[in-house]
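Chains A and B supply the protein sequences, listed in that same order.
The working numbering applies: residue 1 is where the first sequence begins, and numbers increase by one.
The working numbering applies: residue 1001 is where the second sequence begins, and numbers increase by one.
No wet-lab data here; the hints were simulated from the structure.
Positions of the beta carbon are idealized from the N, C-alpha and C atoms, including for glycine.
Incorrect hints may appear among the rest.
As the list claims (entries may be wrong) - List of simulated lysine-lysine pairs, BS3-like, C-alpha gap at most 25 Å:
| # | chain 1 | residue 1 | chain 2 | residue 2 |
| --- | --- | --- | --- | --- |
| 1 | B | K1070 | B | K1116 |
| 2 | A | K97 | A | K150 |
| 3 | B | K1042 | B | K1027 |
| 4 | B | K1099 | B | K1070 |
| 5 | B | K1123 | B | K1042 |
| 6 | B | K1180 | A | K97 |
| 7 | B | K1150 | B | K1184 |
| 8 | A | K150 | B | K1150 |
| 9 | B | K1123 | B | K1027 |
| 10 | B | K1027 | A | K150 |
| 11 | B | K1116 | B | K1144 |
| 12 | B | K1070 | A | K97 |
| 13 | A | K29 | B | K1123 |
| 14 | B | K1180 | A | K150 |
| 15 | B | K1116 | B | K1042 |
| 16 | B | K1144 | B | K1180 |
| 17 | A | K150 | B | K1152 |
| 18 | B | K1099 | A | K97 |
Claimed, not checked - Over 10 Å on every C-beta distance to chain B, these chain A residues come out as not near it, computed from the model:
| # | residue |
| --- | --- |
| 19 | Q27 |
| 20 | I103 |
| 21 | T104 |
| 22 | D113 |
| 23 | V123 |
| 24 | V124 |
| 25 | E135 |
| 26 | D147 |
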Amino acid sequence: MWKMAISALLMMLGATAAQAAGGERIQVKGEIIDTWCYYSGVMGGPDAVVGSAHHTCALWCSAGGIPVGLLAEDGTVYMVLKIEGDANSAGGDTQLKLASHEITADGMFYRRDGLNYLVVEKVVTDHGITNLNHEDYGPIPGFAIPDPTK
Amino acid sequence: MKQLMIILALMAPPVMAQDFAEGSEAKSWNLYGESPARFEAKVVDILCEITGDCASDCGGGTRQLGLLRKADDVLVFPNKNAQPAFSGAVVELAPFCGKEVEVDGLLITDPDLGAKHIYLVQKIRNLGDPEWTAANRFTGEWAKANPEAKGKGPWFRRDPRIRAEIAAHGYTGIGPEAEKPFIKEWFE
């Protein structure tokens, strides 16, 4: 009986270790977004807090240390922890320069407690800002662009 | 068999969802999906926790930091500090790297967007300490790190890196010249 218990224990410990060390190589295309505005809805719906409408705010949040994510074409959000060797995920230059850009990323995918994580090993293609939604939504937030007449 | 069942039961994760609102003094931000949450946790380097790629001192404020919740071992991701200033939580958590802490703030949950265990931290303290530290240090630390950007207006209008990006690519990212007609029309 005790052998069964120990075997079960070892199996469970083994599974936990495998989850921590594991990861799956993926290639995914999507936009580098500001996760706080996207998840919290503080600036409006999810379609308004992406793309060119939200570019200035995306710069503010990225420089302010808010985590960036990759919003994939299927709607999945990956929390980006590292880009091409740059682990400065709290306000770093690499992620700042990619704010609002659509990229094709090759890297390692991890999942933990319901969130997706991505370590980008290579930005295969930087497509630039492709979601040109500023004409539809205006600047988000409204004060992102200072009034040039004042 | 009874002993086996006891061992497995002890190791199983909690099935019932826990209510972390008890004792919370968090202020509402009137956000969709917010819920007050006060809990004990260990401050961890998320990249290290997830992948084993670790740095000394949790990266010294350069890496995203997580809260490994004591009650259920869930990795909570603090995205935001307590200031309404486009500021994250790393500056607030970095001094507590590797420490057992208690935090109070707002959890954000939105299944439609995949938001789970996302957190806005409002205050933090070492476990057992009577005094809380408000999670509003970002702007002060930014000012110390950017003395050349001293002036009027919020930090995000004065930040040299942000200003350089906007000067090069415009407020919309399509380019300063390309966006001129849009800006002119928007403010007419």
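Tested hints:
At most 25 Å may separate the alpha-carbon atoms for a hinted pair to count; B:K1070 and B:K1116 meet this at roughly 17 Å. Simply put, A:K97 and A:K150 have alpha-carbon atoms about 29 Å apart, too far for the 25 Å limit, and the pair is violated. Under the criterion of a C-alpha separation no larger than 25 Å, the hint pairing B:K1042 with B:K1027 is consistent with the structure, at around 23 Å. Between B:K1099 and B:K1070 the alpha-carbon distance is near 12 Å, which keeps this suggested pair within the 25 Å criterion.
Pair hint B:K1123 plus B:K1042 holds up; C-alpha atoms about 15 Å apart against a cutoff of 25 Å. Of the supplied pair hints, the one linking B:K1180 and A:K97 holds, its CA atoms being roughly 21 Å apart against a limit of 25 Å. Restraint check: the Cα-Cα separation between B:K1150 and B:K1184 comes to about 29 Å, which exceeds 25 Å; the hinted pair is violated. Distance hint between A:K150 and B:K1150 is fulfilled; the C-alpha atoms sit about 22 Å from each other, no more than 25 Å.
At most 25 Å may separate the alpha-carbon atoms for a hinted pair to count; B:K1123 and B:K1027 meet this at roughly 11 Å. With a CA separation close to 35 Å, the supplied pair B:K1027 and A:K150 exceeds the 25 Å bound. Taken as a hint, the B:K1116 and B:K1144 pair is broken in the structure, with Cα atoms around 34 Å apart against an allowance of 25 Å. As the CA atoms of B:K1070 and A:K97 are separated by approximately 36 Å, the hinted pair breaks the 25 Å bound.
Using a Cα cut-off of 25 Å, the hinted pair A:K29 and B:K1123 is violated, with the two alpha carbons roughly 37 Å apart. Restraint check for B:K1180 and A:K150: satisfied, since their Cα atoms lie roughly 16 Å apart, inside the 25 Å limit. A C-alpha spacing of about 18 Å is found between B:K1116 and B:K1042, which places the hinted pair at or below 25 Å, so the restraint holds. With a C-alpha separation of about 34 Å, the suggested pair B:K1144 and B:K1180 falls outside the 25 Å cut-off, and the hint is violated.
Among the hinted pairs, A:K150 with B:K1152 is consistent with the structure: their alpha-carbon atoms are about 16 Å apart, no more than 25 Å. Among the hinted pairs, B:K1099 with A:K97 is inconsistent with the structure: their alpha-carbon atoms are about 33 Å apart, more than 25 Å. With a cut of 10 Å on Cβ distances, A:Q27 stays outside the contact zone with chain B, its closest approach being about 18 Å. Look at A:I103: its CB is around 14 Å from the nearest CB on chain B, clear of 10 Å, so calling it non-interface holds up.
For A:T104, the shortest C-beta to C-beta distance to chain B comes to about 18 Å, beyond the 10 Å cut-off, and the non-interface label holds. Listed as a non-interface residue, A:D113 fails to keep its Cβ farther than 10 Å from every Cβ of chain B; the least gap is roughly 5 Å. The beta carbon of A:V123 is kept farther than 10 Å from every beta carbon of chain B, the shortest such distance being approximately 17 Å. No beta-carbon of chain B is positioned within 10 Å of the beta-carbon of A:V124; the least distance is around 20 Å.
Not every CB of chain B lies more than 10 Å from the CB of A:E135, the least distance being 7 Å, so the non-interface label is violated. Here A:D147 does not stay apart from chain B, with its beta-carbon only about 5 Å from theirs, under the 10 Å limit.
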